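Chemist: Spelled out, the chains give:
2 protein chains.
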Amino acid sequence: MSLAIPVGRIDTRASIEPLLAVSGPDMARVNELILAMAGSNVELIPEIAEHLISSGGKRLRPMLTIASALAHGYTGDAHVKLAASVEFMHTATLLHDDVVDESDLRRGKKTARTIWGNQASVLVGDFLLGQAFKMMVEVGSLAALHILSSASAVIAEGEVWQLSAAKRMTTSEADYMAVVDAKTAALFAAAAEVGPVIAGAGEAERLAMRNYGRSLGLAFQLVDDVLDYGGSSADLGKNTGDDFREGKITLPVILAYQAGNEEEKAFWREAMEHGRNGDEALARAKSLMHRHGALDATITRARSHGEAAYAAASNLPRTPSRDALLSVVEFCIDRVN
Amino acid sequence: MSLAIPVGRIDTRASIEPLLAVSGPDMARVNELILAMAGSNVELIPEIAEHLISSGGKRLRPMLTIASALAHGYTGDAHVKLAASVEFMHTATLLHDDVVDESDLRRGKKTARTIWGNQASVLVGDFLLGQAFKMMVEVGSLAALHILSSASAVIAEGEVWQLSAAKRMTTSEADYMAVVDAKTAALFAAAAEVGPVIAGAGEAERLAMRNYGRSLGLAFQLVDDVLDYGGSSADLGKNTGDDFREGKITLPVILAYQAGNEEEKAFWREAMEHGRNGDEALARAKSLMHRHGALDATITRARSHGEAAYAAASNLPRTPSRDALLSVVEFCIDRVN
Numbered sequence: 006m007s008l009a010i011p012v013g014r015i016d017t018r019a020s021i022e023p024l025l026a027v028s029g030p031d032m033a034r035v036n037e038l039i040l041a042m043a044g045s046n047v048e049l050i051p052e053i054a055e056h057l058i059s060s061g062g063k064r065l066r067p068m069l070t071i072a073s074a075l076a077h078g079y080t081g082d083a084h085v086k087l088a089a090s091v092e093f094m095h096t097a098t099l100l101h102d103d104v105v106d107e108s109d110l111r112r113g114k115k116t117a118r119t120i121w122g123n124q125a126s127v128l129v130g131d132f133l134l135g136q137a138f139k140m141m142v143e144v145g146s147l148a149a150l151h152i153l154s155s156a157s158a159v160i161a162e163g164e165v166w167q168l169s170a171a172k173r174m175t176t177s178e179a180d181y182m183a184v185v186d187a188k189t190a191a192l193f194a195a196a197a198e199v200g201p202v203i204a205g206a207g208e209a210e211r212l213a214m215r216n217y218g219r220s221l222g223l224a225f226q227l228v229d230d231v232l233d234y235g236g237s238s239a240d241l242g243k244n245t246g247d248d249f250r251e252g253k254i255t256l257p258v259i260l261a262y263q264a265g266n267e268e269e270k271a272f273w274r275e276a277m278e279h280g281r282n283g284d285e286a287l288a289r290a291k292s293l294m295h296r297h298g299a300l301d302a303t304i305t306r307a308r309s310h311g312e313a314a315y316a317a318a319s320n321l322p323r324t325p326s327r328d329a330l331l332s333v334v335e336f337c338i339d340r341v342n
Numbered sequence: 006m007s008l009a010i011p012v013g014r015i016d017t018r019a020s021i022e023p024l025l026a027v028s029g030p031d032m033a034r035v036n037e038l039i040l041a042m043a044g045s046n047v048e049l050i051p052e053i054a055e056h057l058i059s060s061g062g063k064r065l066r067p068m069l070t071i072a073s074a075l076a077h078g079y080t081g082d083a084h085v086k087l088a089a090s091v092e093f094m095h096t097a098t099l100l101h102d103d104v105v106d107e108s109d110l111r112r113g114k115k116t117a118r119t120i121w122g123n124q125a126s127v128l129v130g131d132f133l134l135g136q137a138f139k140m141m142v143e144v145g146s147l148a149a150l151h152i153l154s155s156a157s158a159v160i161a162e163g164e165v166w167q168l169s170a171a172k173r174m175t176t177s178e179a180d181y182m183a184v185v186d187a188k189t190a191a192l193f194a195a196a197a198e199v200g201p202v203i204a205g206a207g208e209a210e211r212l213a214m215r216n217y218g219r220s221l222g223l224a225f226q227l228v229d230d231v232l233d234y235g236g237s238s239a240d241l242g243k244n245t246g247d248d249f250r251e252g253k254i255t256l257p258v259i260l261a262y263q264a265g266n267e268e269e270k271a272f273w274r275e276a277m278e279h280g281r282n283g284d285e286a287l288a289r290a291k292s293l294m295h296r297h298g299a300l301d302a303t304i305t306r307a308r309s310h311g312e313a314a315y316a317a318a319s320n321l322p323r324t325p326s327r328d329a330l331l332s333v334v335e336f337c338i339d340r341v342n
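Residue numbers (this note's numbering), protein chains in the order written: chain A, 6 to 342; chain B, 6 to 342.
Just chain A, same shape as in the assembly:
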């Protein structure tokens, strides 16, 4: 089964390479700025920041900001600062998330909190958030500030909601998607929307990029949820089953629970609500997901959001940046293969 998006009207393929290529020169400046703004006389701050940077992911969010600005013909400097702000917001969220989730590993590496403690993670997260706002203010676009500050509040609200809903098997698919919308999609949406904003594009262009980012974020998170039950630890650099062991109720769990009989429902409640989540339970969880097609159903939903993202960016003028934004949608979904 191919999971590539069956849109086909534009010649793109599932790859992050075009995005790396178009954003490369500006991302070099983003990375410099990140290092500079993570600098401090307080040793602990650059120490933790460098740990985060070196264990770093793909920097997908700041690349979206760069590419979406370029796709709208932007030629100034502000996209670099905004991209660095977006990455700092993301990093601050990760630091606080790891404290809240009591995570010991992220992408197969020790989390900051296991090395430096919860206290440092909370405070360095706050520092990075403060630096993010400083950079945004320097850009001087009130519209961009509005978008990013709103995202910041929405992300935190989603996290609190997840905390209160966590470990309750009564969480519905709609409930869960509302959390994903807030926790993950809001920052993707903001990262993409500030591009046309600083390029001086119109309301329709802003809306299109916002929809693109949001849909991509939703697809991205659902694929992540599947990978946590299906990817191999070596490939992903992330221990399969992390979500399960942390009692995180994600879409595959919800769908398997809803399709299960009474005995299976009891298993899920024991596992997610009462922490019976050892290796044996994980194996059973995976087996139930496969039996009820919960992973495939999650992928189907991810693909549908991916198609929405693809459609939202398809009307952009044909440029390498446009094609990069399209290819990365397919890439994000194809990760699951």
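FYI, nobody ran anything at the bench for these hints, they're computed from the structure. Since we're looking at a predicted model, the values are computed, not measured. Watch out, some of these pointers could steer you wrong.
As the list claims (entries may be wrong) - Every beta carbon over 12 Å from chain B, so not counted as near; a handful from chain A, in silico:
{"id": "1", "residue": "263"}
{"id": "2", "residue": "286"}
{"id": "3", "residue": "302"}
What the hints assert, rightly or not - With a Cα cut of at most 20 Å, we get these calculated SDA-like pairs of lysine to any residue:
{"id": "4", "chain 1": "A", "residue 1": "172", "chain 2": "B", "residue 2": "124"}
{"id": "5", "chain 1": "B", "residue 1": "172", "chain 2": "A", "residue 2": "48"}
{"id": "6", "chain 1": "B", "residue 1": "115", "chain 2": "B", "residue 2": "247"}
Just so you know, even glycine gets a beta-carbon here, dropped at the ideal spot from N, CA and C.
Since the structure of chain A is already known, use the hints to place chain B on it.
Modeler: Relative to chain A, chain B alone:
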């Protein structure tokens, strides 16, 4: 010994009443806005926010914003939003501080973290910070945004510094004052400075209010440090000795340590670095502070900062707001009596 500031050229007395009076009508709107912006469909958020509001302190920081705007002839609405932002920044800091310090009580009431847990405190703090930035952005003053976002980064940087320096008796007075400057004085300074900024006042007026706020913040914190060893639990609504039991190295500790003999120095290291901080140790700590005049010396420094604050606001045109800003300086220092 009177601790009132011996300036005398203006007829003010140590009181918070004039500040409460001049800021009263606007503070009613600030409080409404705080409740509205702490609202959320996520139940936990208003629950925690109401706890913080009901256990609330004097709202000194937002009152400074209101009074300093009025003292510069401001007649618009922006000071209300900025004052609410300042209070949210402060509240978010308190929530995170309690997690970092593992505090169980604040002003004699259970802290949010003891009721709702560290996780909720971290995330609700993030939410309030996000809402603070949203309100600032709505005001639309880039200068005010710059001041407040810089303060946000400085506060967090100071907290991290304190974390790395915490429990080291080698902390010098200068080290400690740098932390107070960042942790406490930066927000007082920002709260006061945004007043003239939105009133369209000049650079000299901004600088004067910044100095006023900073000096008041320094004085305020030093008096707090003294109260923690000298105030009575009933009067202050705060358990005397909290700082000591949390191993917080404040100025009275530093001064007593520096003046102590080898045996006393060993006592302080045991207490602050190794957690021998029971009731008996606290009694000895107080006794050593009195023997070496550490509390009086701290008050002397607080008074000197108070005089600087008083001087910075003295040149304002004579209005009830100006007098309120002056009276509250004396009030902050007189708390120690």
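Chemist: Each hint needs a verdict: does it hold in this structure or not?
Modeler: Do the hints match the structure? See the list:
1. 263: Holds, since 23 Å exceeds 12 Å.
2. 286: holds, 23 Å
3. 302: Given that every Cβ of chain B is farther than 12 Å from that of residue 302(A), nearest at about 27 Å, it holds.
4. 172(A) x 124(B): holds, 14 Å
5. 172(B) x 48(A): holds, 17 Å
6. 115(B) x 247(B): holds, 13 Å
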